[in-house]
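Read off the chains here:
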Amino acid sequence: MVTAVASYLRDFDLKSASVFLLGALLLCPIAALAVLALGDSEGIWPHLLSTVLGRYLANTAGLMVGVACLSLFFGVGAAWIVSRYQLGLSRWFDVVMLLPMACPAYLVAYAYTDVFEYAGPIQGALRQLMGWKTAQDYYFPEIRSMGGAIFVLSSVLYPYIYLLARTAFQKIPASFYEVAALSDRNVFWGVCLPLARPAIVAGLALVLMEVVSDFGTVEYFAVQTLTLGIFNLWIGMNSVIGAAQLATLTFGLIIFLLFLEFYARGDRRFNDTGRRHVPYDLKPVGRKKTTFLVILCLLPVAFGFLIPVSILFYNVVNAPVLTTFSDVLDSFGNSIFVSLVGAFVIMGSAIVMGSAAKMSHNKALQMIANLSAAGYAFPGTMLALGVLTCLSFADGLLERTSLYFAGTLWALFFAYLVRFQAVGYGAVSSGLTKIPMNLISCSRSLGMGPHQTARRVTLPLMRNALLAGCVLAFVDIMKELPMTLLLRPFDFDTLATYAYQFAHSELMDQAALPALIIICAGLIPVMLLNRLVQHQ
Amino acid sequence: MKLKTIISLGLWAGLCMGQSLQAQDLNIYSQREPFLIEPFLKAFTDQTGIKTKVLYSEKGLAQRLKSEGRNSPADVVLTVDIARLSVYDDMGLLSKTASATLEKNIPAHLRSPENTWFALSKRSRILATSKDRVGAAEITRIEDLADPKWKGRICTRPGSHVYNRALMASIIAHHGSEAAEEWAKGLVANLARKPQGNDRAQVKAIYEGVCDVALINSYYYGNMKFSEDAEQRAWADAMNIVFPNQEENDRGAHINVSGGGVAIHSKNKEAAIKLLEFLSEATSQKLYGEVNYEYPVNPAVLVDGELASWGTFKEDQLPIQKIADLSREAQMMIDRVGW
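Taken in order, these protein sequences are the chains called S and W. With positions in the first sequence counted from 1, the corresponding number in the numbering used here is that position plus 2. With positions in the second sequence counted from 1, the corresponding number in the numbering used here is that position plus 796.
Hints are computed from structural coordinates only; laboratory data are not their basis. Certain hints may be false.
[Stated by the list, open to error] Per the computed footprint, the stretches of chain S lying under chain W, defined by three or more beta-carbons under 8 Å from a beta-carbon of chain W, are:
#1 221 to 234
#2 380 to 387
#3 485 to 498
#4 506 to 512
[Claimed, not checked] Cut-off 20 Å, straight-line C-alpha distance, at most; resulting in silico cross-link-like pairs (EDC-like, lysine to aspartate or glutamate):
#5 W:K847 x S:D493
#6 W:K849 x S:D493
#7 W:K1082 x W:D842
#8 W:K862 x S:D42
#9 S:K135 x W:D928
These numbers were taken from a predicted model, which means no experiment stands behind them. Here a beta-carbon is modelled for each residue, glycine too, at the ideal position from N, C-alpha and C.
With the sequences and hints as input, model every part of the structure.
Right, dumping it as structure tokens:
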């Protein structure tokens, strides 16, 4: 304890102070929820324990395991194929594989239900073909189920894993492949997968946090997860306190999982200190195998992008024009604005926190930096509630009659920062992990200060990781619904909130156009990212 | 660095200004979808010259209002479901409103005793039955849904949705907890599939032959029958409307309301009351029927047109406040039976 305090005092300077301050700011909404959770929930827990809690937990765990397996298979598998084999189109692949990232999961869920449910064209055609009359005549997997939720969530979330795994695989030098061959080890299982583990786990953590906090998909598919339970408590039993308690429990679960990985990883290092970095030459494969591999890669893209987008497109083309274009245009502008500003804010904060966690020896500082990314594990609406409490408290301090923070765009940006800090932070830390410490030490010993080192060595080396983080944050904000809905100013619609009012009423025809535009707008930064990476 | 500072200061100032400019307009927090209230607000602005601004969110508006406290820009709260109205009231977010017009237009049992909230339109929770597979008088009461005769033939949305929870509360109010839970168990045992989707999706399921009887809100029928979408018209065409519990000594069909109130810290209370009054007057009350097939609360306004063609029905006279009071117990029961 004494040594900890001493080390804390020794390292304390303006930079640590700013990290602490930023960290505290980011943790405020979570702390507000924790304080709320300390209240009296009036005997909710015995009821929960004896009725629904087991179901919530089992469903959440099932969903997490299912999505983890399927999205790892999609993401790592595709990243490996593209990094290892000469498919002739690998530059093209890097864009294509990321396409599902632009699709909000709940809209994909709506689209799939339209097609795969009993009344949809698939089952309809099957019935006509086989002469079946009713649902009792045959078996068809129910899309509104746990399996459906796993399928939809994995199909749109795997790019998080792909992106980070692909970057990690690319960084592995040819010499490692040679060593693997010489020592008769499997290149994938023995060398590359373990080396890419931090990146893959960072991606998986993002995916799982998205899964736990997802509301739209599980509500539509009626899969009773913890998040759905939080809302049943809050809205159904009018128990905000009970909801905050359940949210805190969920949050604890996520933190526990992250710590497990953190400790399992231990003190291993994953960077290459070799002087000679020769990139690996892609392995040529025969025509048949190429076709097979290409199809394998395209499968998740079809599930997460091609099919749902075609369905939406069909809806737009075949539906009567009901959407007002000027409204859509306004929402489009708003979406781009908040996503762009939000992404920059997030990356700025992520760089500060990420480098603090990596460079500082101060354990408390590292802890704060890691915790600051925890907002991702809360359901958006609950987090929005925390943000609201904080901002209103700040407004109260300012003693003004008209609002200063709450109900302004500041509230939105703050909320995005708290929620998506993890996206930027994950990108920054995995980027930093790949930079050998001795490069930094070298720069410092050559007389460059920490700022110069950051500007001239670290940041350029991390360019790809930073861009990836920026794009992920942009697209995440673009798709974000529950916090924007609750915290936005009057008459301020983003594409997501605009589409929601229709999608919520299950009016897919009206929701399809704004949904398509969300996806298209999300595609632009994805393409941009790919070009930048290629040009390097 | 300087440029950045100037830009961010400018941004800040701009955003703050945007905030203070809002003071003159009438600010509405709405849990109803914007496209549903837009026609009303347009008519209101045309008539009074008062401009309106809307913030729509399905969840958390009461918490937003509460944490904003006296700084809140909200003037009017509009929502659906009696339990949600009560939440605002219980949290002390609605102001007592003295208005002769509102008291004249809205019957006492459809507003709070302190005149904090006012119901503005009514809807009934009805039975949708398959035209092909269910006979005319085969099912007449909500209680029948628990009859084993309907095993595997009933569809509903999840029990924890406000509409079902309110219905559950009304059954607790009429039959007591024990009998109500028996009923809920029976209903769950009869379900054709896991509860899912909204009310529209239940009618679709009848059309598809997944089930024969569904619980829906009355206005869904009108919306589907006159939908621009041919598919939805076909769904509506596959069902009959049954207003439940209509027999001589029975209590009548369960009703729920949409409504609103004046925000406690409104700086524009006069205009806020004007909007509520406007919504309770004959033109708006008729508009509720035309826009969304909801029934008027104003007794002076006659039901006509499409709504009249559905037939008149007896309403459950249970004070709607009672439903709000039982909401929590209803949710716990729904959790227990797994509806």
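Hint by hint, here is what the structure shows:
Note: the segment 221 to 234 of chain S has 5 residues with beta-carbon separation from chain W under 8 Å; the three-residue rule is met and the coverage holds. As drawn, the segment 380 to 387 of chain S meets chain W at 3 residues by the rule of a beta-carbon pair under 8 Å; at three or more, the given contact holds. Chain W is given as covering the segment 485 to 498 of chain S, and this holds because 7 residues of the stretch bring a CB closer than 8 Å to a CB of that chain, at least three being needed. Coverage of the segment 506 to 512 of chain S by chain W holds. Counting CB-CB distances below 8 Å, 4 residues qualify, and the rule asks for three or more.
Between K847 of chain W and D493 of chain S the alpha-carbon distance is near 12 Å, which keeps this suggested pair within the 20 Å criterion. Restraint check for K849 of chain W and D493 of chain S: the C-alpha separation of about 6 Å stays at or below 20 Å, so the hint holds. Annotation: proposed proximity of K1082 of chain W to D842 of chain W holds, straight-line Cα distance about 17 Å (limit 20 Å). For the given pair, K862 of chain W sits about 18 Å from D42 of chain S by alpha-carbon distance, which is consistent with the 20 Å threshold.
Our distance criterion of 20 Å between C-alpha atoms is met by K135 of chain S and D928 of chain W, whose separation comes to about 15 Å.
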